[in-house]
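> Given next are the chains, with one letter for each unit.
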Amino acid sequence: MSVLDGAKAAALLFVAAVIQVSVLNSVTVIGGTPDLLLITLCAVALLRGSIFGAVGGFFAGLIVDTATLETMGVTALLLTLAGYWIGRYGETTGRGRHAPVLSVGVVTILYAFGALLVRYLLGQGGSPRVVLLDALPPSLLFNLLLAIPVFLFCRWVLSLGHDSQPVREVRLIE
Amino acid sequence: MLGSSSQRSTPASYSSRFSGPVRRRIVLGVLVVVSLVLITVYFRETPGGALHNIQSAGSTVLRPFEVAATRVAHPFQDLYNYLRGLVHAKSERDRLQAELDKTRQRLIQYQLAVQNNKQLRASLHYISGRRFPQGFRALTAEIISKPPSQFEQHVVIGAGSADGIRDDDPVVSADGLVGKVTKVAANQAQVTLLTDEDSAVSALDIDTQAEGIVKHGHGPGTNLFLDQVPKSEHVTLNNRIVTAGWHQGDLSSIYPKGIPIGIVSSVGFPSTDLYARVQVTPYVDFSSLDSVIVLVAKK
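Here the protein sequences line up with chains A and B, keeping their order. Using my numbering, the letters of the first sequence correspond one by one to residues -17 to 156. Using my numbering, the letters of the second sequence correspond one by one to residues 7 to 305.
To be clear, the hints were calculated from the coordinates, so they are not data collected in a lab. Quick reminder that beta carbons are idealized off the backbone N, C-alpha and C, glycines included. Honestly, I wouldn't trust all of these hints.
So these bits of chain A aren't anywhere near chain B, every CB distance computed over 10 Å [stated by the list, open to error]:
no., residue
1, Val(-15)
2, Leu99
3, Pro120
Which chain A residues face chain B? A few, computed with CB under 8 Å, are given here [what the hints assert, rightly or not]:
no., residue
4, Val0
5, Ile1
6, Ser4
7, Ala58
8, Val113
9, Leu118
Looking at chain A on its own, in the form it has when it is part of the complex (with noise of 0.2 Å):
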């Protein structure tokens, strides 16, 4: 892990953040909010790994709780082990093209699920009518339209700085 592609990497997950807890928290299309930090989160495990994906969860996680004001710890135990996962499906079998949209659909269910469970654990329970059936299928074609673009996005970003020409020459072992 280079220290660049940590700071890459950092930064990518920092300002996802502060644009979710400031701007797009606010922003609601048919009862969805679009999670921008998850799907970075996504990206970055898929193409970093399961230990980038936990830190980087975990440190977003802490943000957005104090940006939030929220409980300290719910959103970083969350997306911690939703960025640990990812990364381990990305480090195993998460490499074909539909590994982006398929993770990012997945891990937007399951948080869903998660933070239901999380907040009825602490007794902060919100309905879960409204936040599995009311918000969570909106919520959840925003993050699938998001995915590509963010995931390209964030390769990019995480690809500047490393040597990626493509190979010109091929010397033939005799």
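Add chain B to chain A, keeping to what the hints say.
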């Protein structure tokens, strides 16, 4: 393109050095434990506790970034809100139109209720006042059906024989004579208004004591005529006309004496007629009647 493994910049040595199973699990475990500790501490401490203070300080630090993001996003949010407003404008207009219709209906109902209340108060004042005729009890009834055209001067009231109403019972309002009951059902009764062509009421000019019969003239309008008043009687403008309430043997007028009918609005002396032509404007506004008082004779 998305599945191209050559685009992934994960070095070959990366997994072995940083993503070993043990290291992975340790990192995950530590982060989960730290998260749980944070949650626990946050819950257990007071609002002025260390973690709350750290959160407050962190929030202050993050504030400029949030403000910057908000400012950058502001034009886009405005555009989004504008487009959203356009999408919702039609439904919003329909909703507001429906609300306006409902409010208009309520206003009309309110105005009708106020008018009704005013009439009922006047009726109550009349019933309890000295002008109310002796030997009758008042039965206030709501008009439930009005004349369909100006040629039919009947109304239907929501009280009938079950309430003691009989044929020919006089019907008044707080302003004056309205007409008489001409048909009675159990819970409804038909009232023929004074403005009907078949109505005729013996009346008296209380200023000159001239007697006559109040009838409705031919044609539209609510103007009445005090007929059969000799030209020798000096009936003048603004004289007050009331019911005469005559008695002759066992016979008597169905209308008690002294019920106001109207005011003289014009007096003519046609050369071809024996009687003066006295036009009377009724006190009662027949077009705005909502309730009436039936004078039921006491037994």
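> Work down the list of hints and note, for each, if the structure agrees.
Hint check results:
1. Val(-15): Consistent with the label, Val(-15)/A stays out of reach of chain B, its closest Cβ about 13 Å off (over 10 Å).
2. Leu99: It holds; Leu99/A is separated from chain B by about 13 Å at its closest Cβ, greater than 10 Å.
3. Pro120: The claim stands: Pro120/A keeps its Cβ more than 10 Å from every Cβ of chain B (closest is about 14 Å).
4. Val0: 5 Å, holds
5. Ile1: Because about 5 Å separates Ile1/A from the closest Cβ in chain B, which is inside the 8 Å limit, the hint holds.
6. Ser4: 4 Å, holds
7. Ala58: 5 Å, holds
8. Val113: Hint on Val113/A: violated, closest Cβ of chain B at ~20 Å, above 8 Å.
9. Leu118: Leu118/A check fails; min Cβ-Cβ to chain B is 21 Å, beyond 8 Å.
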